[in-house]
Amino acid sequence: MVVYSDEFSFETAKGTDIIDITSQILESVESSSIKNGIICVFSPGSTSAVTTIEYELGLVHDLENALERIVPEFLEYRHNERWNDGNGHSHIRASLIGQSISLPLIDGKIPLGTWQQVICLNLDNRPRTRKVIVQIVGD
Amino acid sequence: MVVYSDEFSFETAKGTDIIDITSQILESVESSSIKNGIICVFSPGSTSAVTTIEYELGLVHDLENALERIVPEFLEYRHNERWNDGNGHSHIRASLIGQSISLPLIDGKIPLGTWQQVICLNLDNRPRTRKVIVQIVGD
Amino acid sequence: MVVYSDEFSFETAKGTDIIDITSQILESVESSSIKNGIICVFSPGSTSAVTTIEYELGLVHDLENALERIVPEFLEYRHNERWNDGNGHSHIRASLIGQSISLPLIDGKIPLGTWQQVICLNLDNRPRTRKVIVQIVGD
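Protein chains in written order, with this note's numbering: chain A, 1 to 139; chain D, 1 to 139; chain E, 1 to 139.
Just chain A, same shape as in the assembly (with noise of 0.2 Å):
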């Protein structure tokens, strides 16, 4: 049994940018080469996000107004009031994801649907550089 962690960056678009990171997952889990255990998925920070969706594009613009629909960029946030930065919205969306996923790992593929991507979003109102960190226990 081993522990193993790996991490990749990308650059996004101003939020909501939700983008595809499946395929570095995979990367990572061969790169280990565990066949069976349980992963963790983490976005460090305070405007990121991971969850899964079907990644297609109508979706993904779905998904974005929904997220304008349920937590509008243009109310009063103290947040804002505060820093000045205009992403109070940014942050309450963050925290009603959630930054991690838990998943299984079995021999060697993650069983995800077979419409289904993991992604990570990046909720902040300005460009950033998105991390993610793939924590993995088994063996």
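Keep in mind that the hints were calculated from the coordinates and are not lab data. Each hint should be verified, as a subset may be incorrect.
The list cannot tell twin chains apart, which means a pair is met if one copy fits it or any two copies do.
DSSO-like, lysine-lysine: derived pairs with alpha carbons at most 27 Å apart [unchecked claim]:
| hint | residue 1 | residue 2 |
| --- | --- | --- |
| 1 | Lys35 | Lys14 |
| 2 | Lys35 | Lys109 |
| 3 | Lys131 | Lys14 |
| 4 | Lys131 | Lys109 |
| 5 | Lys35 | Lys131 |
Quantities reported herein were computed from a predicted structural model and do not represent experimental measurements.
Chain A is fixed; fit chains D and E onto it per the hints.
The following block gives chains D and E in isolation, referenced to the frame of chain A:
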């Protein structure tokens, strides 16, 4: 320290169909003979979700209602224009709730609250066979 | 490779009460002597939740406001008709946010963002003693 994988499947009605999967997870834990570790409960698919709730029928209905308020079925979704399957809302709801949870396993028990059950939600707009994977690392 | 379990409890005001639990989690990590692995942070209970945020009071207030907008307290909830405890909204909010997060542990550190803290939310409409379990698998 070992890795144990189990899975179970069940039929669901068209979404929102909310299933209490606590007892099946506990059976997987018992089959594993693992007493202490971390459990990953994961449901593959981009219109499925996993979370916890006090599973009583009033609240199950309230969760369905809340999802319809927060992500209404009859809005314009670009996903629907593309595929014509009318389940854009299902995907968005699934991305927001998430498809996995991480649970502690302590002395052979999952320390859920007294009124807390683990649920799998079929959010798709048609009946689906849903699969849940229970992955445990521990000893 | 070992499994380490720790827990801590604290008093909360009636919901929404949002508590920064980062330092207690770090204490658990230090007590464990584990340097690399995966951490499961879990709060038992169906009106409790765990996520991360930049913990500053403006944003904490914004998150409370967002939850009240997204899942208002004073709607009709069947759960309230049944139990008369008026906390239907608390349960729904908890199911949407979730009760656990999975975090990587690398060289004795949790790689949170610079402005990112782990929080536990009491969402119940009465003061509650909340418990958080920190489960670590690693070495």
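Quiz item: If you check each hint against the structure, which ones fail?
Solution: 1
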